[in-house]
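> Sequence:
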Amino acid sequence: MTVNRVGLVVHGGRAEAVAAARAVREWCDEHAVGCTDIDVWREGARHSAREEVDAAGDPDLVVTLGGDGTFLRGARLAAENDAMVLGVDLGRVGFLTEVPATAVRAALDAVRERQITVESRMLLTLRASCRLEVPAQMEALLRYGRGPLLPPPRVRTDCRAGGDWGVALNVTALNDVVVEKLARDRQVSVGVYLAGRLLAAYSADALLVATPTGSTAYSFAAGGPVVSPRVEGLVFTPVAPHMVFNRSVVAAPDEPIALRVLERSGQAAVSIDGQLRGVLSPGDWIGVYAAPRRLRAVRLGPTDFYGRLRERMNLTDAPAALADGVAAPLWPVTTPPPDDLAHLAMPPAPDDAPWPS
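Positions 2 to 358 (the numbering used here) are the ones given, in order, by the sequence shown.
Careful, some of the hints might be misleading.
Unchecked claim - With beta-carbon atoms standing in for the labels, derived distance ranges:
1. P101 <-> P283: 46 to 52 Å
2. P226 <-> A328: 36 to 42 Å
3. V119 <-> E27: 20 to 26 Å
4. R187 <-> G224: 17 to 23 Å
If you're looking for bench data, these hints aren't it; they were derived computationally from the structure.
Predicted, not measured: the structure shown is a model, and the values here were computed from it.
No residue lacks a Cβ here, since even glycine has one placed at the ideal position from N, Cα and C.
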């Protein structure tokens, strides 16, 4: 895919991100590639993804300069326009970003020369019993110390209401969709349905549905499983449930997960990738589905997800496991797989990766 226009999403609060953005603009000038800043804060109001990519001239590549939060903003724009997204790591965790700021020009050269792979990541979409809206008084409260909220999701006009299926919302999530309590002294009561069948009625601080990509975000913090981003599935995780069954459930991509706020519950907030997007009242529901579109993430080499997991989560070895004083050796798979394993997708040898993880 030829890149004729780049959209920049920059964490303006980080000096190194601003400096890296200058390097991207210089590279674009040198190669006659259009470059437009996509700054969702500049005008004092947040816009829909479609409005933002239209203003940027429909970029072919979205470059994010910041941490995972900045990447999520860029991913939302890229998915809307079926563009590729390249994450430059300037954050604290960096599960989603790809390259350090010092390598941004080399990364752009690799994109231009097509020496990349494009990784397909699963996204989520929603249907709901009603439009999502944020009460005005709540928006004013949440804006204290923060920027303006994203607008409520629009209804997709190309989809029929579908009777029992509710209205289709024009929204995608890369990490997760969360239904959480509004009052600190009262949990939210929610009926959870998997593939159309009631799993259980939960009383909890929150309930979330994550993608495999989002399994290392809020779901992980709530005790959910770590799932390879290559897996296809929806990860349901309750947060502080007041019940014995507090485990996560991983559903297949064609098994939607519905969350219905029960009669005795208070109102519940709906957040999409960490952004408040609406409020549900008792009787309202949302259905979370695997989205038909995918995120196209630029990768410059093989993704060492598990090495990154060990590094970014600061995993340490059990003292009892190292009682003999010998550390666990590396297991580089450098030879071809034997005949009985030839059908497996074996990881590449570490020396073959052009970029360190």
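> Measuring from beta carbon to beta carbon, are P101 and P283 in 46 to 52 Å?
The hinted range 46 to 52 Å holds for P101 and P283, with Cβ atoms some 48 Å apart.
> Do P226 and A328 keep their Cβ atoms within the hinted range of 36 to 42 Å?
26 Å, violated
> Between V119 and E27, does the beta-carbon spacing fit 20 to 26 Å?
25 Å, holds
> Please check whether R187 and G224 have a Cβ separation lying inside 17 to 23 Å.
Holds, at about 22 Å.
In summary, the one numbered hint that this structure violates is 2.
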